[in-house]
Amino acid sequence: MTEHDDGPVAIVRAALVAAGVGDTVRTFPAGVPTASAAAEALGCDLAAITNSLIFDLGGEPLLILASGAARVDTKLVAEKLGAGRIRRASPDFVLQHTGQAVGGVAPVGHPEKVRTLLDTSLQEHQRLWAGAGDHHSMFSITYEELLRITEALELKVR
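The numbering used here numbers the first residue of the sequence shown as 1 and each following residue consecutively.
What the hints contain is simulated information worked out from the structure, not anything from laboratory work.
Beta carbons: idealized from backbone N, C-alpha and C, even for Gly.
Among the clues, some could well be false.
[Stated by the list, open to error] Cut-off 25 Å, straight-line C-alpha distance, at most; resulting in silico cross-link-like pairs (DMTMM-like, lysine to aspartate or glutamate):
#, residue 1, residue 2
1, Lys80, Glu60
2, Lys80, Asp23
3, Lys156, Glu60
[As the list claims (entries may be wrong)] Pairwise CB distance ranges, derived in the manner of DEER restraints:
#, residue 1, residue 2, range
4, Leu81, Glu124, 37 to 47 Å
5, Glu112, Glu144, 35 to 45 Å
6, Thr34, Arg127, 13 to 23 Å
7, Phe28, Gly82, 18 to 28 Å
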């Protein structure tokens, strides 16, 4: 049994299986805390890495699933949502709402449903990779599966 067999990664594995996606989690001894580290470890395009970014929207969490090759334009997103200012969440806020630390946040496996946006540019890739709950784990998924299991709103975020 490893440290990845319990805690957030186990919760993400269970969420993937429960959603009918299957357990596609891979763990990397050296860690993959950034999109570029993950792309290098996986041998894939940086744009196929799906960053799970938690923002603070009026005290509520907003999860934006964005390409690792892009920066989210928070002003554009706020405008499209008809919302107030979107701020990057603090590490404590992220942990409170996801049960996962910054750098390892997954799109699923949170204590409660989080409002989610999915970057439409990710459609360009047959296979996406997303964090699986810690700095060492990633899982693979298609855009369509990710959209279905997160019930995200598709949106151009840059």
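The hints, checked one at a time:
Restraint check: the Cα-Cα separation between Lys80 and Glu60 comes to about 17 Å, which is no more than 25 Å; the hinted pair holds. With a C-alpha separation of about 34 Å, the suggested pairing of Lys80 with Asp23 is violated against the 25 Å cut-off. At most 25 Å may separate the alpha-carbon atoms for a hinted pair to count; Lys156 and Glu60 meet this at roughly 21 Å. In this structure the hint that Leu81 and Glu124 lie 37 to 47 Å apart at CB is violated, the actual value being about 23 Å.
The hint said 35 to 45 Å for the Cβ distance between Glu112 and Glu144, and at roughly 24 Å that hint is violated. Under the hint 13 to 23 Å, the C-beta atoms of Thr34 and Arg127, about 19 Å apart, fit the expected range. Roughly 40 Å separates the CB atoms of Phe28 and Gly82, a value that falls outside the hinted 18 to 28 Å.
In this structure, the earlier hints numbered 2, 4, 5, 7 are contradicted, and the remaining ones agree with it.
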